[in-house]
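If you read the sequences in order, they're chains A and B.
Those letters in the first sequence? Residues 1 to 588, per the working numbering, in order.
Those letters in the second sequence? Residues 1 to 315, per the working numbering, in order.
Hints are computed from structural coordinates only; laboratory data are not their basis.
As the structure is a computational prediction, the values presented were derived from the model and not from experiment.
You may find that some hints are simply not true.
Looking from chain B toward chain A, a few residues come up when the C-beta cut is under 8 Å (computed) [to be verified]: (1) Asp169; (2) Asp173; (3) Thr305.
Here's a subset of chain B near chain A, in silico, CB distances under 8 Å, partners left out [to be verified]: (4) Gly220; (5) Arg277; (6) Pro309.
Beta-carbon label-pair distances, calculated as ranges [what the hints assert, rightly or not]: (7) B:Val306 x A:His353: 31 to 39 Å; (8) A:Arg339 x B:Glu172: 56 to 64 Å; (9) A:Ser392 x B:Val22: 33 to 41 Å; (10) A:Arg412 x B:Val22: 41 to 49 Å; (11) A:Arg9 x B:Ala303: 50 to 58 Å; (12) A:Ser392 x B:Ala248: 38 to 46 Å; (13) B:Ile21 x A:Val446: 55 to 63 Å; (14) A:Gln475 x B:Val99: 39 to 47 Å; (15) B:Val11 x A:Gln126: 51 to 59 Å; (16) B:Val11 x A:Gln222: 55 to 63 Å; (17) B:Ala50 x A:Arg339: 54 to 62 Å; (18) A:Ala460 x B:Val11: 58 to 66 Å; (19) A:Asp424 x B:Val11: 50 to 58 Å; (20) B:Asp93 x A:Gln126: 52 to 60 Å.
Ideal placement from N, C-alpha and C gives every residue a C-beta, glycine not left out.
What follows is each chain in one-letter form.
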Amino acid sequence: MTAPTLRVRDLRVASPFTELLHGISFDIAPGERVGLIGESGSGKSLTATSVMGLLPQTLTATGSVLVSGIDTNLLAAPERRLNKVRGNTMAMVFQEPMTALNPLMRVGAQVAEIMTIHRTEPGRRQARERAIDLLEQVKLPSPAQVALAFPHQLSGGQRQRVLLAMAMANNPQLLLCDEPTTALDVTVQAEVLKLIKNLVIDRGSSLLLITHDIAVIAEVCQRVLVLHQGTIVEDGPVGRVLTAPQHPYTQKLIAASNLAAVDHRGRLHTLALPAPVPSSPVPSSVVPSRVETDAAAPPILPPYRAAHQSLDLGGLPTIFNEVAGVPVISVRGLSRQYRRRGGGLFSPVPIVHGLREVSFDVAEGQRFGIVGESGSGKSTLLRMLCALDQPSSGTVDVLGQPIAGAAERHLRDFRSQVQIVFQDPMGSLDPRMKVRDIVAEPLHHVDRTEALARVEAQLAAVGLDADAMDRHPHQFSGGQRQRISIARALITRPRVLVADEAVSALDVLVRAQVLNLLADLVDEYRLTLVFVSHDLGVIRHLCDTVAVVSGGRIVECGPTGDVYDHPLHPYTRQLVSATPSIHELTGA
Amino acid sequence: MVLVVLRRVGVFAATVIVASIVTFLMLSILPGNAARIALGVHATEADVAAQATAMGLDRPAIVRYLAWFGHVLVGDFGTSTVSRQPIGPDIADALGITVILVLTSVVLALVFAIPFGILTAVRQRKPDGAILSGISQIGVAVPGFLAGMLLVTVFAVTLRWLPAGGWVDPAEDFGGFLEHLILPAIALGSVQGAVLSRYVRASVLEVMRDDFIRTARAKGLGAGRALFRHGLRNAAVPVMTVLGLQIATLLVGAVVIERVFSIPGLGSLLLDKVALRDLPAVQGIVLVLVVFVLLLNFLVDLAFTVIDPRLRSAA
Chain A
1 MTAPTLRVRD LRVASPFTEL LHGISFDIAP GERVGLIGES GSGKSLTATS
51 VMGLLPQTLT ATGSVLVSGI DTNLLAAPER RLNKVRGNTM AMVFQEPMTA
101 LNPLMRVGAQ VAEIMTIHRT EPGRRQARER AIDLLEQVKL PSPAQVALAF
151 PHQLSGGQRQ RVLLAMAMAN NPQLLLCDEP TTALDVTVQA EVLKLIKNLV
201 IDRGSSLLLI THDIAVIAEV CQRVLVLHQG TIVEDGPVGR VLTAPQHPYT
251 QKLIAASNLA AVDHRGRLHT LALPAPVPSS PVPSSVVPSR VETDAAAPPI
301 LPPYRAAHQS LDLGGLPTIF NEVAGVPVIS VRGLSRQYRR RGGGLFSPVP
351 IVHGLREVSF DVAEGQRFGI VGESGSGKST LLRMLCALDQ PSSGTVDVLG
401 QPIAGAAERH LRDFRSQVQI VFQDPMGSLD PRMKVRDIVA EPLHHVDRTE
451 ALARVEAQLA AVGLDADAMD RHPHQFSGGQ RQRISIARAL ITRPRVLVAD
501 EAVSALDVLV RAQVLNLLAD LVDEYRLTLV FVSHDLGVIR HLCDTVAVVS
551 GGRIVECGPT GDVYDHPLHP YTRQLVSATP SIHELTGA
Chain B
1 MVLVVLRRVG VFAATVIVAS IVTFLMLSIL PGNAARIALG VHATEADVAA
51 QATAMGLDRP AIVRYLAWFG HVLVGDFGTS TVSRQPIGPD IADALGITVI
101 LVLTSVVLAL VFAIPFGILT AVRQRKPDGA ILSGISQIGV AVPGFLAGML
151 LVTVFAVTLR WLPAGGWVDP AEDFGGFLEH LILPAIALGS VQGAVLSRYV
201 RASVLEVMRD DFIRTARAKG LGAGRALFRH GLRNAAVPVM TVLGLQIATL
251 LVGAVVIERV FSIPGLGSLL LDKVALRDLP AVQGIVLVLV VFVLLLNFLV
301 DLAFTVIDPR LRSAA
């Protein structure tokens with residue numbers, strides 16, 4: 001057997017206060033594609049940055065990192081030596097394509113630089129020519145022009161291709177990718193993953209791919225390492241680990257990731273785990289979600305089964321999911337245009353169409369999913385539904401009240417009937433307010449004692465203890481904060497709950513818990529749910545009806561299963577096929 | 001790019017016009033009659049009225065403004081009501097001196113602030129970095145005129161290396177010119193330099209945390225080279241914003257420093273003319289000062305466009 005490309009032995013990373021990686025060891029063989037999976041805080045990125053020698057100064061690494069062909073332990077090697085290895089023998093692609101490139105430098109020059117640094121091309125001019133070649137190899141259209149572009153002129157997916165071109169420039173033996181597609185849209189993610197796979201296969205490089213998404217690993221890797229709280233708990237071929245996980249943690253992770261597998265009540269599998277942060281005074285976020293719903297109660301079926309329709313641009317404007325009686329939400333001919341700043345000095349101001357002629361209904365008790373990629377118009381639509389923005393034309397009626405163009409003072413009742421849960425559990429709660437004040441804030445004309453009693457009951461309903469009331473948001477984990485947001489949204493007893501990417505920022509296990517909680521609450525409070533997401537799997541799990549949004553229009557709408565299994569519109573087909581899935585391997 | 005520059009030139013021209021109107025209005029609503037000031041307190045009402053007509057003060061304000069600004073555009077600032085001499089040449093001479101003083105102090109401030117700021121940022125966690133950083137903090141707290149007086153006491157009075165004040169035309173005696181320039185320029189520039197070095201430090205620290213620096217390190221550049229090749233230009237953008245804002249402060253400082261060192265610049269001229277109540281001259285000097293600040297800010301804006309490609313297309 002040949003020597004491994006990367007050999008990591010007893011790698012420990014410690015901050016001045018605590019140890020973060022507890023002696024992990026693994027090998028990567030030449031040409032092998034290995035995935036490293038784990039939740040946030042498990043130490044995935046620390047592993048990669050230790051291998052690259054790019055740990056923050058406050059952290060120290062011990063153990064050994066050996067790369068084939070280099071006879072020293074990289075953890076002990078002097079900086080000069082490491083500079084020769086980085087970008088040459090091993091290269092790395094990071095998560096954030098928007099900020100990983102120097103905004104003031106042309107991308108061609110940034111790609112060429114890695115060759116001039118390591119003198120792999122004889123001169124500047126040759127390096128620039130080679131950079132254009134490389135940009136072509138990562139399938140960028142008109143690479144010579146792209147080379148002269150600045151990063152802000154490229155999309156996220158294009159920037160990630162540039163970073164890949166850079167990383168592969170010197171044919172590294174080892175490519176490290178840290179969440180390379182997490183910030184990208186589904187269809188772009190699929191292309192970039194394919195590209196990464198093809199590039200490393202072509203060059204015989206080894207790959208260490210870090211991700212929180214099991215499906216991504218299933219698409220690209222041969223072997224997978226499961227990292228949990230700084231320890232590798234499982235290491236094996238992807239097929240075996242995904243179909244027959246050995247370690248309890250891996251089993252839970254895979255069960256929670258599989259949005260298609262549910263229990264008899266239609267809930268995801270979330271088994272309780274040992275509390276991850278024993279030092280924290282706050283109850284752990286992995287308390288099993290409150291399950292008190294009377295199991296004998298009949299499941300609440302959607303009262304209305306949507307027709308499965310797709311957009312027909314030639315014919316009459318389609319009204320999707322048209323409800324015969326009185327719909328909870330009724331949108332007709334909704335358009336929103338934006339004027340883009342600038343344009344030429346004398347040319348007209350360019351107009352951007354956020355939404356074009358959108359018409360649909362949502363029936364009482366429906367769980368209506370809106371799915372689309374960034375820039376599709378789904379967020380604009382959500383803002384209109386919540387009366388946070390005014391349409392250019394068209395009408396929005398919610399609970400029989402026209403809200404498009406209504407003055408804020410007429411919306412008071414609407415505001416208490418329609419509540420929103422936002423994506424960012426870190427940014428959407430005021431850091432200076434106590435939880436009880438955050439949750440009680442939507443209550444008007446309610447005396448203090450009663451308000452506090454209701455807050456306590458509401459927090460209990462979302463699975464938080466009463467002692468959470470006197471804490472501030474920063475003392476909670478992401479999942480717990482999302483529970484606080486949900487409690488805040490439900491305290492006014494709304495009839496409609498709107499969720500904007502409400503679980504996108506959460507880890508898989510926490511995501512499963514929050515999804516179960518949402519499903520329970522929707523049943524219990526008989527809410528109408530509008531759930532906006534880029535994640536098809538989440539929508540399929542949670543919603544009975546889905547509208548696919550692209551280019552400011554609804555292109556397809558219908559019962560979730562029908563739309564996903566028999567898509568009518570080409571865009572839906574593309575979106576569904578681009579979504580990475582573990583089913584191919586698990587055979588489900 | 002050309003369009004962006006043209007647009008900025010347009011904005012600059014419009015700002016100058018607005019500034020001239022404001023200057024004109026401010027001085028015309030001041031109490032006191034220019035004609036009476038010109039003739040002195042003992043003149044009769046009839047003489048004052050005749051003088052007002054001669055000076056065109058009986059015309060409507062808009063006509064007076066247009067006549068004044070039209071002449072200013074061709075370099076004619078009118079005639080002093082005190083000395084009866086044209087004001088233009090006086091302003092031109094004084095402006096030359098002030099421009100030299102201000103620009104030298106800007107250069108000195110930058111020469112000090114950039115390396116000092118970078119050093120304190122890079123050595124942030126080391127004891128020397130902390131000490132240097134503390135020194136610059138003291139610099140921020142010392143006002144320019146105090147620095148000026150201290151410099152004079154040490155280098156002119158005690159050591160007798162440099163003159164305590166006055167001005168020499170560079171065309172006559174370049175060595176003498178430099179000798180007279182050094183102390184006031186340092187006095188004026190040191191405070192700005194200290195303030196600026198704080199911003200350079202903050203900006204470099206910010207940039208060192210940026211993702212593209214990590215990318216540069218992953219390419220195989222050492223920490224220092226990554227900072228120099230990729231970091232500094234990015235760090236320059238916020239520093240230049242501060243520099244633009246500081247220029248106005250610097251001109252106000254120049255008015256004081258010129259007094260401390262008896263330099264016949266615009267500041268000294270302005271104070272003299274204010275004391276004499278020579279309104280046309282004050283009006284001209286104030287306008288020149290305002291335009292000077294606007295011009296430097298305009299140049300800073302243009303420099304932004306050159307440094308940052310995002311501003312070229314986004315305008």
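When the structure is checked against the list of hints, which entries are broken? Sort them ascending. Violated hints (numbers, rising): 1, 2, 3, 5, 14, 15, 19; every other hint is consistent with the structure.
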